[in-house]
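Chains as they are written, first to last, in the working numbering: chain A, 3 to 279; chain B, 11 to 84.
Since the hints were made in silico from the structure, they are not lab data.
Glycine residues also receive a C-beta, built at the ideal position from the N, C-alpha and C atoms.
One thing to keep in mind: the hints can contain errors.
For lysine to aspartate or glutamate, the following EDC-like pairs were computed, each having C-alpha atoms within a straight-line distance of at most 16 Å [unchecked claim]: (1) A:Lys-66 <-> A:Glu-161; (2) B:Lys-27 <-> A:Asp-263; (3) B:Lys-14 <-> B:Glu-29; (4) A:Lys-66 <-> A:Glu-251; (5) B:Lys-27 <-> A:Glu-268; (6) B:Lys-14 <-> B:Glu-28.
If you only want the chain B side, here are some residues facing chain A, beta carbon under 8 Å, derived [to be verified]: (7) Leu-17; (8) His-18; (9) Gly-19; (10) Gly-24; (11) Ile-48; (12) Thr-50; (13) Arg-51; (14) Gln-52; (15) Gly-54; (16) His-62; (17) Leu-78; (18) Pro-79; (19) Ile-80; (20) Leu-81; (21) Gly-82; (22) Gly-84.
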Amino acid sequence: MAALEEFLASQATGDLLPWSAQRAAMARFDLGCAQVEAAALAAGLLPARYQRNRTTISTAGQLKLLRSSVAVVGCGGLGGYAIEQLARLGVGRLVVIDPDRFEEHNLNRQLLSTLAELGRAKVEAAERRVAAINPAVAVTPHRVALDATNGAALLAGVEVVIDALDSIPVRLELSQACASLGLPLVHGAIGGWYGHVATQLPGDRIIDQLYGGAIEPRGVEQELGNPSFTPAVIASLQVAEACKVLLGEGLLLRGRQLHVDLWSMEFVELSPGPPCR
Amino acid sequence: MQIKVRLHGVFRIGRFKEEVRDVPSGMTARAVVEQLQIPTRQVGTVLIGGVHAGIDDQLPDGAVLSILPILGGG
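Pulled out of the complex, with its shape left as it was, chain A reads as follows (with noise of 0.2 Å):
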């Protein structure tokens, strides 16, 4: 690898690294993006298309980014915002979980969906959809309802999990999974100008608080809707949590639910005490 890390260091401007020398790395040592990537951010460059990531985020938390591992579980409208919100900022694995085809009733907010993508399956989208913007990161993509019987194996080697689901049921399924596992959850839902997010650590009850007197599987979306916003910056919320958990850094939602409401523009911070233990 010496040979490599030489052939990078002399290719690099300062400490970035550009793409067009990371394709000739990968070519010459017959290696993938991911693998000479690593190889850079080891090295202390980083790739060029994460410069404006820089003293945000540092190369070595870079590094543990890329070596990191997320799953999504929904990929319409929450889950297509993080998934390219994931693998723009360069987390290196990605599991996707829908069982879903996109249906024409998508195209007004989930990001994956096009005309072109029309009766194709979500997860495969998410996967083309991620090699087109960062082949380091590799999808894993699941074309099936997460449920209290497949949950464990689904999610099993990740290290936080996104819920961008639409049932009130899976949801407290998926959460059950996250706590046999001892995964973090980040959860967010939406219903026309409004969502909420929170992040559930082991141990944590926070789904349970949410969702616990469900009556029906579904929520006030039934009756609004979903605009094309409100994903986004639900999902926005989101990705931002799980780049702290990955990174062990910053402070998290964990024992408080942020409450958005874009039709005042108001964002609630509601604390109804410590985690349940």
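Chain B: place on chain A using the hints.
Here is chain B on its own, set in the frame of chain A:
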């Protein structure tokens, strides 16, 4: 007794953001929800004094009751 009711999200439309109300002693959160003609199935989080509560919990005098809609979309 007097309580303060704080509504969030879609519950504010046609109602209010915050209101002090005179209610009978021992009233539950559910009774307030029904009085405000909010469909119970739409109720998500109920906080009494900022702490998660059940919809059938009784409200103490001077309570601040926050009612949030249930959001399930993704």
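Hint check:
A C-alpha spacing of about 12 Å is found between A:Lys-66 and A:Glu-161, which places the hinted pair at or below 16 Å, so the restraint holds. Between B:Lys-27 and A:Asp-263 the CA atoms are separated by roughly 12 Å; this keeps the pair inside 16 Å, and the hint holds. Taken as a hint, the B:Lys-14 and B:Glu-29 pair is honoured in the structure, with Cα atoms around 6 Å apart against an allowance of 16 Å. Proximity of A:Lys-66 to A:Glu-251 is assessed by CA-CA distance (about 12 Å); at most 16 Å being required, the pair is judged to hold.
Between the alpha carbons of B:Lys-27 and A:Glu-268 the distance comes to roughly 12 Å, so the proposed pair stays at or under 16 Å and holds. A threshold of 16 Å between alpha carbons decides the hint, and for B:Lys-14 with B:Glu-28 the separation of about 7 Å falls inside it, so the pair holds. A distance limit of 8 Å between C-beta atoms decides the matter here; for B:Leu-17 the minimum to chain A is near 11 Å, and the interface restraint is violated. Proximity of B:His-18 to chain A holds as hinted, the smallest CB-CB distance being about 6 Å (cut-off 8 Å).
Interface hint at B:Gly-19: satisfied, since its Cβ lies 4 Å from the closest Cβ of chain A, which is below the 8 Å cut-off. Hint status for B:Gly-24: violated, given a least beta-carbon distance of 13 Å to chain A, over 8 Å. For B:Ile-48, the interface hint is violated, since its Cβ never comes within 8 Å of a Cβ in chain A; the closest pair sits about 11 Å apart. At a threshold of 8 Å, the smallest CB-CB gap from B:Thr-50 to chain A is about 7 Å, leaving the interface hint in force.
For B:Arg-51, the suggested interface contact is upheld, since its CB lies about 4 Å from the closest CB of chain A, less than 8 Å. Given hint, B:Gln-52 at the interface with chain A, holds; its Cβ is 5 Å from that chain's nearest Cβ, closer than 8 Å. A cut of 8 Å between beta carbons decides the hint on B:Gly-54: the least distance to chain A is about 6 Å, and the hint holds. About 4 Å separates the beta-carbon of B:His-62 from the nearest beta-carbon of chain A, less than 8 Å, and the hint is met.
Evaluation of the B:Leu-78 hint against chain A yields a held restraint, the C-beta minimum of about 6 Å falling below 8 Å. Annotation: interface hint on B:Pro-79 holds; nearest CB of chain A at approximately 5 Å, less than 8 Å. Taking 8 Å as the C-beta contact cut-off toward chain A, the hint placing B:Ile-80 at the interface holds, the least distance being around 4 Å. Checking B:Leu-81 against chain A: minimum C-beta separation of about 4 Å stays under 8 Å; hint holds.
Look at B:Gly-82: its Cβ gets to within about 3 Å of chain A, closer than 8 Å, so that hint holds up. For B:Gly-84, the suggested interface contact is upheld, since its CB lies about 4 Å from the closest CB of chain A, less than 8 Å.
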